[in-house]
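Participant: What follows is the residue order along each chain.
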Amino acid sequence: MSESASRPGKLRLLVGKVGLDGHDRGVKIIARALRDAGHEVIYTGLHQTPEMVVATAVQEDVDAVSLSILSGAHKTLFPRVIDLLRKARLPVPVFGGGIIPEEDFAFLKRRGVKAIFTPGASTQEVIDWVARNIHPRAPARASVARPRARLEKRKKGPVRAGSPKRRRS
Amino acid sequence: MKRDSGVLTRRRARREWETETLRDSLQRSPERRPTFTTISGVPIERLYTAEDLEHWDPEEKLGQPGVFPFTRGPYPTMYRGRLWTMRQFSGFGTPQDTNRRYRYLLEHGQTGLSVAFDMPTLMGLDSDDPRSLGEVGREGVAIDTLSDMEALFADIPLARVSTSMTINAPAAVLLAMYLAVARKQGADWGALQGTVQNDILKEYIAQKEWIFPPRPSIRIIVDMIAFCTDRVPKWNTISISGYHIREAGSTAAQELAFTLADGIGYVQACREAGLEVDSFAPRLSFFWNAHSDFFEEIAKYRAARRIWSNVMRGRFGAKDPRSWTLRTHAQTAGCSLTAQQPQNNIVRVALQALSAVLGGTQSLHTNSMDETLGLPTEQAVTIALRTQQILAEETGVANTIDPLAGSYFMESLTDRIEREALDLIETIDGMGGIVAAIEQGFPQREIAEASFRYQRELERGEKVMVGVNRYTEGAASDIETLKISPSVEPRQIRALQKVRKKRDERAHRRALAALVEAARGGTNLLPPILDAVEAYASVGEICSALRGVFGAYREEKTYF
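Chains as they are written, first to last, in this note's numbering: chain A, 1 to 169; chain B, 1001 to 1560.
Read the hints as simulated data drawn from the structure, not as lab findings.
For glycine and all other residues, C-beta sits at the position ideal for the given N, C-alpha and C.
Where hints are given, some of them may not hold.
[Said to hold, decoys possible] Just a sample of chain B residues kept apart from chain A, beta carbon distances all over 12 Å, derived:
| hint | residue |
| --- | --- |
| 1 | Ala1050 |
| 2 | Gly1063 |
| 3 | Ala1180 |
[Claimed, not checked] Computed list of lysine-lysine pairs in DSBU-like fashion (alpha-carbon distance at most 35 Å, straight line):
| hint | chain 1 | residue 1 | chain 2 | residue 2 |
| --- | --- | --- | --- | --- |
| 4 | A | Lys109 | B | Lys1483 |
| 5 | B | Lys1061 | B | Lys1502 |
| 6 | B | Lys1483 | A | Lys87 |
| 7 | A | Lys75 | B | Lys1501 |
| 8 | B | Lys1463 | B | Lys1184 |
| 9 | B | Lys1502 | A | Lys75 |
| 10 | B | Lys1502 | B | Lys1483 |
| 11 | B | Lys1483 | B | Lys1501 |
| 12 | B | Lys1184 | B | Lys1483 |
| 13 | A | Lys87 | A | Lys75 |
| 14 | B | Lys1463 | B | Lys1061 |
| 15 | B | Lys1463 | B | Lys1483 |
| 16 | B | Lys1184 | B | Lys1234 |
| 17 | B | Lys1498 | A | Lys75 |
| 18 | A | Lys10 | B | Lys1501 |
| 19 | A | Lys75 | A | Lys10 |
| 20 | A | Lys109 | B | Lys1463 |
| 21 | A | Lys75 | B | Lys1463 |
| 22 | A | Lys109 | A | Lys10 |
| 23 | B | Lys1483 | A | Lys75 |
Okay, chain B solo, but in the shape it has when bound:
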């Protein structure tokens, strides 16, 4: 009864404010625009009050940090215990070039490595493949054989760093190479820490770097999960990624929904293959885009943890609380950066990074200001890393857990995004799951639509990008960019050809034949891939052997 009278008093006070103070103010000067929305188009009210949380139960919606439903964070002490991992994604040119950059970053306080591969490697092609022409070492480091991987990690003790590898379609091959290097260094596989992205579903949805059709691709992923659960127990076998979905133009809720639906798809596939959910689920991790709409982003991270814990406990019956936790990496939004006035990007990145930290991310990549122009220079990367260090050490935001919890606005927005994402997940379930939805082009169409809508809003000036459609300057800004020497491609091709000449040809052929055999049958593909890698078979040779069995993926229809 007492609570009820409190509600009534609050309502009365609100009405009074609306009819007196607010109305006068609006008559004197109207608001800047008729409606306000997030960058994703979610309507935002003028004011959020206790009324918005009238039926909101903090016990149910928030709980405690490190406890179901994990809204407040996956760990009980969060950044008071340990700061997020500062992980700058990098790779370019030859393995030797990138090795030098890694050692530079480690010397400057970076705490984990993150490998960017070049386009041919991402597509499972060798540097001397005709389709690789002009692309070798340009967007990342070129890796053809184990010999390149040895050079990439020369003088970096794999037992002591954690390494994230952004690789999807050929992820099994690159992971096998990493394990082979670790073995050569004498590092125990049980101690290895790191992640392979290995999220092929979002490739069909958004990033479009695929090799095989969805179903055999998922088999490879399940094989990797089974193998690592057994042999490389600390390795994160998949990083289920919303990043690229968002970069392709989705809304925040779509990013959440399609990514979590991908996660559901992987868990289902593993269970169908006979794996017990709690044996692998604690090693699943996620990857969000840290976009520009500050509060919407924080709400997104919080809603993600809540949805996932419910899915894992409710739908999949996981018993281990670690299976319920969503741990995530985040990267600031590449698509929000502007080529115009590129120094402004430093500020954008700082704010996006702040939202990821307030959202409770476990690791973070901050983009460099020059990344719309090319790969980043050393100086630009250093500023991006320093941005994280300033957030961690100077601002005080890491001192307490989930500082925005209980805010009328934050909790309303978290609930709203959760609801929107759940609706989309339900639609996907209705289509027969994410693979069927992808085959029907559902997420692809939704994203293309959202991306076009945003572009129109931008061109009508309803959404603003500083330096692009407002506060523009005539002259192009002149900043330094990283040049990839044209000699990288021929050098890399020569190195590959040298390996081919030097390797034991019989062992190499035998290993590839055994791999094809395993692919035709149903045994785990990781051991034969490891053998092939150690026989110095190249990424292209291994992928092409598998393509012979699994076929190549073609996008049936394109939506625009």
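Just chain A, with the same shape it has in the complex:
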């Protein structure tokens, strides 16, 4: 918590359940933990397509998107959300968790996923990672014309798949 204490930024975070699987125990725990940590959490509910998630992200003007996938479709769905976010000119960081074998981490990292939390990760790990790696996107959120999304330089997180590289949109 040391780093986060020095930068107590309240974030708008989209917590999404993409794909067909209905396992929402983990995602609800994460949503509640992030909310209790002081962030504004928008939970999409179940059975969202990538298009629906991205539409919500744009509408809610979020600082990051996190996805929970336990259906094995992560290699399809994560890249799809990232591509659609980029097309929507909202290239915010995407992270997530679920049942994801370690051997797929490298692929997901290459496709722009910033961190993967697998079963056994504590809510505190997620909260700390968010505090270190996600930043408010723009100072004037209320303005009508949304400022062009801009990626800030990020430090590499200590958690499994924090990516030091950023993808340019």
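Based on these hints, arrange chain B on the given structure of chain A.
Facilitator: Below, chain B without anything else, positioned relative to chain A:
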């Protein structure tokens, strides 16, 4: 009088022990923690004695095996007569892939099949639906049309195996496909044995794989129950499931209460539709989660049987003792498995399976050690199956009925869990029954709360998961996992498109139109679904036709 003096002597002895032996011991070294609780948070005393069962009447609370209230088990001989059915849930990839796994399992001594469908099938979507992208054949086998079901059971005589199908929202369609395959094999429907899960209420509560809103969903279920009672009399038409409620994070008592309340809801719906309770109740079955808190789990199975028999005899006036019996399947708790040090899962599963057996389950699935990482490999499944065989053949636990009965602790815990569950059922009754309670989000909220509470206890170290928050190891363990080939999805889509091209388009359209007609009216939906299936209409086409009449379910609010 004599008994009273015995009670007094026991009390005196207990007080003496407390003031002398125990106090000294506690002064020398305190206990490991101030309070002890089960994994569900039920407080556990230091010691249970005859005092705890002072007003406990074995005749009333236990009875005899196979006799009301069935605490000791649903059958008079239990495992001495017949061991539990060893039933490993499996399915992946294409129907051909899964067919090979089934034949392997049957060759290795498994005694029943259990079909796992992929996510699109569970949601009533075809493999080429845009929403199925990336999910085809991943978590289970992909079934689109009757042609897939034929391949799934190729060279497996349906008259001789018993088959459980884990399918809920589109259960009527998959059951119809199974019946159609049986007909093609020349198997008599009267001889078919098996189960469809078909428990939609727990989907709204916990697993969240739904298609239609609750009320039309229940109509379909009632239609299936009526149809099978008549035509497929040995089939278990519903498996009322606590498993997923527990996986979603409920306590043991919540698992019991919400599941039995679902059961009450189904019985009520069938009666309202004019079915006589004893005509269908003997075919209702249940499905529990075999979780990690050993004694609490055994108590749960025992309390479940006692509550259900009272509900069926008391509340519903069932006369047939078979209607009073709760028969159950059990599966070890997926959520208790760890990705860290996955070999430890073998031990967890063995202990959970032991509790299910001591609790008197009728069939059992033991999870494979690698299931937090993906679908299980053949080797992992074999170890899981061997675990059951070791329990059955080596440990001696199947030699006598309900061996823990009469234990001060076991009976106190059974009573306590029964009471807790009954209180919750009463709350649900007060809300107007389970459907109303679900619409108000009551079970959903209770579960989310319990799940968050457990997570906090875990993170504070008050509850322990070995390898996760204690006895951790740095390096990730390297075990083999099952890979689903990326070619499964395109292959399955091609097969579906081939069926669409080959089938008699007019017969297919006619069958779907007749189905829509039946859905709008009030006639039983099973015959038109069977016709549609036999005209090679796909799962997605049939469900979408029904969705046109019944509408689609949306979760109104989400609690977290």
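Participant: Run every hint past the structure and note whether it holds.
Facilitator: Do the hints match the structure? See the list:
Residue-level check passed: B/Ala1050 sits 41 Å from the nearest beta carbon of chain A, beyond 12 Å. The non-interface label for B/Gly1063 is consistent with chain A: the shortest C-beta to C-beta separation is roughly 37 Å, beyond 12 Å. Distance check on B/Ala1180: its Cβ is at least 25 Å (rounded) from any Cβ of chain A, clearing the 12 Å threshold; non-interface status holds. Taken as a hint, the A/Lys109 and B/Lys1483 pair is honoured in the structure, with Cα atoms around 20 Å apart against an allowance of 35 Å.
At roughly 61 Å between alpha-carbon atoms, B/Lys1061 and B/Lys1502 are farther apart than 35 Å, so this suggested pair is violated. Using a Cα cut-off of 35 Å, the hinted pair B/Lys1483 and A/Lys87 holds, with the two alpha carbons roughly 31 Å apart. Taking the CA atoms of A/Lys75 and B/Lys1501, the gap is near 31 Å; set against the 35 Å cutoff, the hint holds. Our distance criterion of 35 Å between C-alpha atoms is broken by B/Lys1463 and B/Lys1184, whose separation comes to about 53 Å.
The straight-line distance between the Cα atoms of B/Lys1502 and A/Lys75 is roughly 33 Å, inside the 35 Å bound, and the hint therefore holds. For the given pair, B/Lys1502 sits about 32 Å from B/Lys1483 by alpha-carbon distance, which is consistent with the 35 Å threshold. Distance check on the hinted pair: B/Lys1483 and B/Lys1501 sit about 31 Å apart at the alpha-carbon level, within 35 Å; holds. Distance restraint check for B/Lys1184 and B/Lys1483: the Cα-Cα separation of roughly 33 Å lies within the 35 Å cut-off, and the hinted pair is therefore satisfied.
A threshold of 35 Å between alpha carbons decides the hint, and for A/Lys87 with A/Lys75 the separation of about 19 Å falls inside it, so the pair holds. Distance restraint check for B/Lys1463 and B/Lys1061: the Cα-Cα separation of roughly 32 Å lies within the 35 Å cut-off, and the hinted pair is therefore satisfied. With a C-alpha separation of about 33 Å, the suggested pairing of B/Lys1463 with B/Lys1483 holds against the 35 Å cut-off. A threshold of 35 Å between alpha carbons decides the hint, and for B/Lys1184 with B/Lys1234 the separation of about 19 Å falls inside it, so the pair holds.
Annotation: proposed proximity of B/Lys1498 to A/Lys75 holds, straight-line Cα distance about 27 Å (limit 35 Å). Proposed proximity of A/Lys10 and B/Lys1501 is contradicted: the alpha carbons are some 56 Å apart, above 35 Å. Pair hint A/Lys75 plus A/Lys10 holds up; C-alpha atoms about 30 Å apart against a cutoff of 35 Å. Restraint check for A/Lys109 and B/Lys1463: satisfied, since their Cα atoms lie roughly 33 Å apart, inside the 35 Å limit.
Between A/Lys75 and B/Lys1463 the CA atoms are separated by roughly 33 Å; this keeps the pair inside 35 Å, and the hint holds. In summary, the hint linking A/Lys109 to A/Lys10 is supported, as the alpha carbons are separated by about 26 Å, within the 35 Å threshold. Distance hint between B/Lys1483 and A/Lys75 is fulfilled; the C-alpha atoms sit about 13 Å from each other, no more than 35 Å.
When each numbered hint is compared with the structure, violations occur for hints 5, 8, 18.
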